[in-house]
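K.L.:
Spelled out, the chains give:
Number of protein chains: 2
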Amino acid sequence: MRTVFDEPDEKVRLGSISCEPPKGITKEKARTRLEELGQELFALQDEMWGSKVNAVMVVLQGRDTAGKDGAIKNVAGCLNPRGVNVVSFGVPTLEERQHDFLWRVHRHAPRLGEFAIFNRSHYEDVLVARVHRLVPKKLWRERYGHIADFEELLAEHGTIVLKYFLHISRKEQKKRLLERERSPETAWKLNAGDWEERDYWDEYTEAYEDAISKTAAPHAPWIVVPANAKWYRDLVVAESIVEQLRERRKGWEKTLKDMARERRAALAAWRAERGKR
Amino acid sequence: MRTVFDEPDEKVRLGSISCEPPKGITKEKARTRLEELGQELFALQDEMWGSKVNAVMVVLQGRDTAGKDGAIKNVAGCLNPRGVNVVSFGVPTLEERQHDFLWRVHRHAPRLGEFAIFNRSHYEDVLVARVHRLVPKKLWRERYGHIADFEELLAEHGTIVLKYFLHISRKEQKKRLLERERSPETAWKLNAGDWEERDYWDEYTEAYEDAISKTAAPHAPWIVVPANAKWYRDLVVAESIVEQLRERRKGWEKTLKDMARERRAALAAWRAERGKR
Chain Y
0 MRTVFDEPDE KVRLGSISCE PPKGITKEKA RTRLEELGQE LFALQDEMWG
50 SKVNAVMVVL QGRDTAGKDG AIKNVAGCLN PRGVNVVSFG VPTLEERQHD
100 FLWRVHRHAP RLGEFAIFNR SHYEDVLVAR VHRLVPKKLW RERYGHIADF
150 EELLAEHGTI VLKYFLHISR KEQKKRLLER ERSPETAWKL NAGDWEERDY
200 WDEYTEAYED AISKTAAPHA PWIVVPANAK WYRDLVVAES IVEQLRERRK
250 GWEKTLKDMA RERRAALAAW RAERGKR
Chain G
0 MRTVFDEPDE KVRLGSISCE PPKGITKEKA RTRLEELGQE LFALQDEMWG
50 SKVNAVMVVL QGRDTAGKDG AIKNVAGCLN PRGVNVVSFG VPTLEERQHD
100 FLWRVHRHAP RLGEFAIFNR SHYEDVLVAR VHRLVPKKLW RERYGHIADF
150 EELLAEHGTI VLKYFLHISR KEQKKRLLER ERSPETAWKL NAGDWEERDY
200 WDEYTEAYED AISKTAAPHA PWIVVPANAK WYRDLVVAES IVEQLRERRK
250 GWEKTLKDMA RERRAALAAW RAERGKR
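Quick note, the sequences are listed as chains Y and G, same order. Residue numbers for the first sequence follow numbering that gives the first Met the number 0, beginning at 0 and rising by one. Residue numbers for the second sequence follow numbering that gives the first Met the number 0, beginning at 0 and rising by one.
There may be inaccurate statements among the hints.
Same chains, same names: a pair is fine if it fits in one copy or spans any two.
Unchecked claim - Derived DSSO-like pairs: lysine-lysine, alpha-carbon spacing no greater than 30 Å straight-line:
{"no.": "1", "residue 1": "Lys72", "residue 2": "Lys28"}
{"no.": "2", "residue 1": "Lys28", "residue 2": "Lys229"}
{"no.": "3", "residue 1": "Lys229", "residue 2": "Lys51"}
{"no.": "4", "residue 1": "Lys229", "residue 2": "Lys170"}
If you are wondering where the hints come from, they were derived from the structure by calculation, not from laboratory data. Please read all numbers here as calculations on a predicted model, not as lab measurements.
Bound-form chain Y, shown alone (with noise of 0.2 Å):
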């Protein structure tokens, strides 16, 4: 069960779709899937790697604790690490601030054959800085426009653009905020910020529907993911892009074998050649 966003403008209501799974998937189930998508995932990216017509770019956004740390270890976990970048946008940096809200985004935007996998991204640019206020309504009215003109440049070089709201409920943060803050494991993670943030849940939900609705497109869907059970989110997250690449395998398989033709050719000169020699 998920929800797919690809058309721009479409209303988003978050408040009704749910942050469950659905019933009749068991979390063994789940497990063995996602062990198949995995190698399914692996040899995709191999070929994706190879041919180097498409890439990648996945976007994880949610609230804090939704598990997109959590998607990238057991996700990305199944890929081969050469050919996947992964990068957390923080608060910007004095150099990030001094360029336009695009620019250390697109710095990081994979090359062909390559995976992105950004955690956080540019949507932080409509998120916080809407909630917070930390720049007037007038210019981040304006990003969704650069966003959409943004993600269709990267599309028209052969970028698969993804982007995840990984959806989880305002009680299950509660639970895992203090989880983590029982946990010795993990109270070196502890910020009273994300206690705080917790107090604008209304307005996030608010930016976050219409970040949706403004950014959703064919070639850069939204999807929105299940996220308070773990195993489900991470297996919706896995499947959905293995459907993605999989309807392009055999464009890359034709490359890659027109490619070994002219390799094979190439050698078989070169041996000739040596011969004379």
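Let chain Y serve as the given structure and place chain G on it in line with the hints.
P.N.:
Chain G in isolation, oriented as in the chain Y frame:
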């Protein structure tokens, strides 16, 4: 079995180091051991990532088909992708050639907490550059000192620098090149240049021996890895990384504990303050 060079100017004789796994270890045992090491490495990485005291720079060098990509897949594949950056250094681009030879490498040096894994590296500038006389002798000879200084700088910053020479035999390379040629899955990787490089086998041996000897240091050791058997190669690389990290673990755990204490105190203070409001 691995040969570690960690003193400058020790004599290196690659011809006297075996490319084969030692007797007594089986592929099955090695795979089991690699799995255990992978889990330990993952846990170590997590603490290094949190504590931000150290970083790791793994340099993988070796002749064509020596298995650099394979080692990355199987060893870096154990890590959390969030904290790993795999960088392949190919023929320098125009921009890279307009800088000194360390520039392109330095910008990919790992941040504290992170792994950088280099598929080829600054060592190419004393290997291919020397063998093919791309620069005058005077110039490449000066580079050993620059490399040693650079790696010392990184080490002083907290970076654990580990340099691997994946050691395959001439016969094994021939076998692998022919395999690549025959298999339809890998034919697109064919390159007449790989065969041409084989003509310079001895020149490369000499260049590697000098590079290892002149840049070995306690804080930046070279590890010669018997690489004729892929399963043994991966085991040796994983084992030596884990050993280097294991000795730092206590320090990281102490840092994390201190951080947790501070975070808890900050959260308590924030709660008290909030209660007053």
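K.L.:
With reference to the structure, classify each hint as holding or not holding.
P.N.:
Now the hints, each set against the structure:
1. For a Cα distance limit of 30 Å, the shortest separation of lysine 72 from lysine 28 qualifies both inside one copy, at 19 Å, and across copies, at 27 Å.
2. Only within a single protomer do lysine 28 and lysine 229 lie at most 30 Å apart by alpha-carbon distance; the minimum there is 14 Å, versus 33 Å between protomers.
3. For a Cα distance limit of 30 Å, the shortest separation of lysine 229 from lysine 51 across copies, 27 Å, qualifies, whereas the shortest one inside one copy, 33 Å, does not.
4. For a Cα distance limit of 30 Å, the shortest separation of lysine 229 from lysine 170 inside one copy, 15 Å, qualifies, whereas the shortest one across copies, 49 Å, does not.
Comparing the model with each earlier hint shows no violations; every hint is respected.
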